[in-house]
Structure formats: C-alpha cells, structure tokens
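In order, the protein sequence lines correspond to chains A and B.
Using the numbering used here, you'd call the opening residue of the first sequence number 1 and step up by one each time.
Using the numbering used here, you'd call the opening residue of the second sequence number 1 and step up by one each time.
It is worth saying that the hints were derived from the structure and are not from the lab.
In this text, all values refer to a predicted model and were calculated from it rather than measured experimentally.
No residue lacks a Cβ here, since even glycine has one placed at the ideal position from N, Cα and C.
Careful, some of the hints might be misleading.
Stated by the list, open to error - Stretches of chain B that chain A covers, calculated by requiring three or more beta carbons in the stretch to come under 8 Å of a beta carbon on chain A:
(1) 273-282
(2) 356-364
Unchecked claim - Derived, one-sided and incomplete: chain A residues facing chain B with beta-carbon distance under 7 Å:
(3) Phe81
(4) Gln82
(5) His102
(6) Met128
(7) Phe131
(8) Pro132
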Amino acid sequence: MIEISHINKSFGDRQVLKDVSLTVAPHEAVCVIGPMGCGKSTLIRCIAGLEKLDSGQILLDGAPCKPLGKQGGRQKVGMVFQSYNLFPHLTVLHNLMLAPQHVLHLTEKEAEAEAVRQLELVGLAEKMHMFPRELSSGQRQRVAMARCLVMKPQVLLLDEITSALDPLATSEVKEVLRKLKQEVALVLVTHDMALASDIADRVVFMTDGHIVEVGTSDEVFNHPRQEATRVFVNRIRDFHYAVRSRRYDLYELHAGMAHFCERNNLSHEQKFRVQLLSEEVLQVVPLDKGTIDLALRYSEKEKTLSLELLMPAGITSVLHDKEFAPDELSMAIIEGLCDHMNETVEDCPEGPRVRLCFGLKE
Amino acid sequence: MKSIVERKNLSRMWSILLCLLLLGALGGCRPDAESLYTDLDDLAGKRLAVYHGVLGDSLAQVHFPGADLKDYDKTLNLFIDIEAGKRDAVVMDGVTADMVMATNSDYTCLGRIGATAEGVGGIAVMVPTRQYAPLADKEVDARGWLQGWKERIHRNLFADEAWHLITGGFYTTVIIFLGAAVFAFLLAVLLTYMGINHKWGWLYHPLHWFVFTIHDIPSVVLMMFFYYVVFASTSLSGIVVAAIALGVYTSASLTKIFKIHITQISKEQREAGLMLGLTSRQVYRYVVFPQAVRTMLPLVIAELKLLLRSTSYAGYIAQKDLVKAVDAIRGVTFDAFLPLLIVSLLYLLLSWLITRSVGGMCQKLFVHD
C-alpha cells in the first residue's frame, strides 16, 4: 500500500537517501533501524511529504501523494513526532477536535464524540480537559497518537517516539501500538531493539542512506546476513565507547555503562564495579596514542561481564611493555575486581592492534 | 466577575488618579498667609518679577535697591510664578501693564514710577488684586475656598472656549493615533508577510531597509521632516502627515514583534498541523496565531501606548492636539494645574481604552471556547 521506488534525497552536498526502495503492506508493522545519520528519519519524512524528493516516487495506494498544506491534503498518512508536537494552547480534547472540524468538516458534536472515542482507545479519556503541559511525557505521546487516529489514517508514521520516554512510558506506548497494529499500517523508526522485536512484522536495517537488509525481527537481530547488520546489531547488545584522548568525558562513559547495566538487569553492585574498573583501567593505559575502542560485553549464558579495550594501531604491547609502570593502587584495584586479564594482538585493516580483556569477578 | 488582572489594573488606575489629585492639590495651593499691600513701600524686601525691558530694569533697580529682582522675558512665566507665590509683585513698563489690567481684573496697580502726572508711561508695579489692601477685603469675603475652585474650573474649562480647545485637542490626538495605528499595523503585516514567505524581494528589501533606518530618528524629528520637507508642497493636512510619519515609525517595532513571535512557534508544530490535513492558512489561523498573539500582546499594547505618547509632539507641526490645548489655556488663565490635570487624565483614559480594546479584539479573534 506504500510503494517507495528508487528515491534519492540530498541536503546540499550530502546525499541522505540513495536509491531507496521499500513496500509496506496494509496492516503491516515495519521497523526501520540504523545508526544516527543513516537517513531513517529523512525516509519517514519523505513518506510523510514533509521533504521533497530529488528523484524517485512514493505511491500511496497506487496514487502519488497529494501535497501538504493545500485543500484536501494528506490525511491517509498520520505522523507522530519524537517531541509529540501537541498544540499547547488547546486542551487535549480540542487538540483532537481541531482537524476533524476544519478538514473533515464534522460538526462540533461529531468531532467531540470521535475524539472521546480515540482517547478511550489510548486510555486517556479522563484527561480530556487538561492541557498538554499538565500531562506526563508518556501521556502526551499517547495523545499525539490519538490525534492522528481521529483522522482515520491508513498508515501511521512514528519517528523515534519512545526515544525521549522512560521505560514505564515506553511500555504504555508499546501497548497502544500493539492495539493499533490491527487497524493501521505502522512504519516505526526506532533504535529500541526490544520495541522492534515486539511490534515489527518486518525490520529494515539502513546505513549511510541505503537499505542494507530487510527481514523479520528474528532474522535481522539474531541471524543477520550482512556484516554491517551484524556489527550494528551487536553494538546495541554490547556497550561501545571511543576514548579519544586524556580528556574523555568520564560522565558520559559512566552513564552509558549504567544504562547498559540497567538494560541487562545487572545489579547496582555490578554496575559500580564496572564503572570503577573502567576508570582505573583508563588511568593505567596510554591515552594519547590514538583512539581506544572500549566495549562492555555481557554474556547471558555464562552471566559474565567483561571489559575490552582495543588499543590504537602502533602500540605493540601494554601489559608487557617496558615502560608500563602503572600506579600501584590502580593495579591493586584492577586485580581486586577482575578474575582474569589478558592481552592479545588482533589483525585489523589498519595494522595489528592490541586487545586487552578484563573479566570481572562475579 | 472581575479577574485578578482586571482588578489590579483598576486599583492601579485609582491610585494614579489619587496621586495626581494630591500632587495637583499641593501644586494648586496658595500660600496661606498672603501679605496685603497698600503702597510701594510695602514691597521692601520682597521678591519682584521684572518684565524684561530697559525701562523696567533700570528703574526697578534704582527704586528698589537691594530687592530680590528676577528677570522674565515671557509674561506667561512671569504670571505663573506670581500665581504660584514664587514672586510677590510684577514690575513692567506702564503701557504693557495697562494692557494687562484692561483684560484681567485679577491684577491691580500698586503704584507707578517715572510716569507722567496722568499716569502714563514709566513703569508700573502690580500685585494680585486679592493682595491689594483697599480691594482685598471685598475679594476675600466674596470668595470661599470652594468658590475659588469653582471659579478656577470655570475659567479653565468653560470660559472663552477653553472647553473647545480641549475637545478639539482630544479629537486631533485620537485621529492621529488611530490613523497612525492602522497604517503601522498594515505596513507591519505586509513586511512580516513578505519577510516570512520571502516574497516580492524587490519590494521587501528596500522597504524593510527604509522603515528600519527611519526608526532610528526620533519620532518628533521625523514628524517635522515629513511635514516641513517631504509633504511641504502638498496640501495634505498636518493630521494626515503626522499619522503617516508616526505610522512608519511604529511599524518598525511592530514588524519586529510580529516576526519574532510568529517564527518562534516551532516548525514542528506547523508540520504536525499539516500532517493532520490542515491547509497552510488553517495552520496559521488555528495553531500559530493563537499562540503568537498571546505572547506578543503585551508588547504590541506597549508600542501603541508609545505611539499615543508620540502624538503629543504634534504641536511641533502646528497641530492643535491636547498638549497645545494646555498651552493655550495656560496662556490665558496663567493656571497650569487644572489644564494639565485634565489632559493627563484624558491621556490615561486613552491608554486604558487601548489596553481594553486591543486585548478584547484579540480575545474575540483567537481564543475559542
């Protein structure tokens, strides 16, 4: 029902979408995932009609899309934004009634009845006379979805709608999405893997402006065919951080690690130890020879956590280096936290690189 | 049921009124114990107001050595100081003094110096009639305090077309204001529309440059420039010219306000409106303007009040507005207080009307339910 054929889109010199083609069937839920800047938001905005295509076409039900902003403009496609974009000067009810009254020309009573019906669907009927600023973020996102639904779209586009939400709010939204799947087609841009595997019928992995792989969520996340997909999907499972210099952002690193631990249901104790270990390790290794790729890996099978550092090319050894003279206290802490640490050399395209592995005690 | 804001505004108005009245009452008071004079010798050691002229100066200095003499080159200021009690007696040449006393029974001649036997020429020394002993009894008994006020009000407001001066001035001020406000609004809307939509660049850029450069010139100078230079050869009335000048001046600020507050409404809000199927016009009407108007309303009202105050310079281009009315009445009655009080109150009234009507219009147009 949506046919995207060979679309290209550039912003100035940068080509953001390269020859992208995709189809979405009615009542299908498609999830688009990919790293930042890969063009997934642009793709969805092109489907919405908010961006003009350089070439290629997008057909809705076989017909080209009507332009926005003119009489009889786009209604088959509804869009929910990451920042909800509710109208702050209107109550929740009036937010929902505005478009039906002025576009579908319903009477006030009819518009109100429909609005209440949709609010009940998303579970927010009792908030109908409140203003958006009085609602929590999860509630606002649900109202945004209800606002789209009053216009009876056939496709709902959702741009990173859970990225700004806490886990509780995310679950609220996920529940609503599950209900909606039966009525509309969904195109969801997200980097929440759990959401994608729960909701999506198909997952599309994009990188650098083109589609790399399409499949069911099981295929893409657990058995990726393409290397690029595998790397990306694993990155979500592990925590990766690039330490570029002595002046790296310690708080950003620790926050990332804390988030990773929460996602994997690790205890506070483990989180604390991991943070302490990373801080001490980064004290003893050389930081000004290049970018260190730091990774935190958690094996669910063995329930082990390990911290791995891939040193920049050019360093032949760390632990066995003649000039390696770490602070005694740091080494004592590291040895106390780990049950093993070793050093291997890996062959990488840019040269052999040292990989340090610190396995944390349970 | 009055809202909190309305109640605050009302009580503010009442307190301003009260302050004005108190100030005026103080200013309008005469010193309690007013001395009575019988002849020139009673003026020893007093403060004299000398109307500038060779004769007056030199004779005064000769006849009243060591007295406190102050020179005046305008009769208006001289008599105002006498009325205010800052000076005690008037010294002026006999001819002018006769003219004054012919038209104004409030002043009586205390004595003449250097005049002929028939009382012509030389200099005359005048005091207010109520302080002239031979006539004072009659004056004082004839008036009670309230009566005095009634006479003052009568003289300032009703006698000799004073009332006409005030209503005429009010009318002129209002016309200039409305003309300038409408013109400023239309011009600002045009400039904002062109600026946001990048239309008609050939017109927009020069017009924009012109309006904003002009804004750096004081509105008074601008009015005079338009009247004495730009439109000098045309037959356009001064009121129209003033409205045009002030309109162009105010439109610069209004344009800035409109543009900032409209573009502040995020692009994403507009996109959300478009995605719901609203036309661009509907997005502006139902999403952008209601929010923008709310934030810009106080600023627009402040600009309009500034415009109202700027109309008070219309006297510079020979228009008879409220300020000129004050001057005119003052010139006749030598009383500054009452005309100024009345005109101040009228300006306050106009200011209040601006706030109410603009606020009310916006309420009607952009706020639903």
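- Query: Can the hint on Pro132/A be confirmed by a CB-to-CB distance to chain B that is less than 7 Å?
  - Reply: With a minimum Cβ separation of about 11 Å from chain B (threshold 7 Å), the hint on Pro132/A is violated.
- Message: Cut-off 8 Å, C-beta pairs, minimum 3 residues; does the coverage of the region 273-282 of chain B by chain A stand?
- Response: holds (count 9)
- Task: Would you settle whether the hint for Gln82/A is holds or violated, based on the nearest Cβ-Cβ distance to chain B being less than 7 Å?
- Result: Since the shortest Cβ distance to chain B is 9 Å, the answer is violated.
- Query: Given Phe131/A was flagged as interface, is its beta-carbon under 7 Å from a beta-carbon of chain B?
  - Reply: violated (12 Å)
- With 7 Å as the cut and Cβ atoms as the points, is Phe81/A at the interface with chain B? Holds: closest Cβ of chain B sits about 6 Å from Phe81/A, inside 7 Å.
- Under 7 Å, Cβ to Cβ, is where Met128/A needs to be relative to chain B, so tell me if that hint holds or is violated. At about 13 Å, which exceeds the 7 Å cut-off, the nearest Cβ of chain B leaves the hint on Met128/A violated.
- Message: Taking beta carbons only, do three or more residues of the region 356-364 of chain B come closer than 8 Å to chain A?
- Response: Violated - the region 356-364 of chain B has 0 residues with a Cβ nearer than 8 Å to chain A, which falls short of three.
- Taking the least C-beta to C-beta distance, is His102/A closer than 7 Å to chain B? holds (5 Å)
Comparing the model with each earlier hint shows violations of hints 2, 4, 6, 7 and 8; every other hint is respected.
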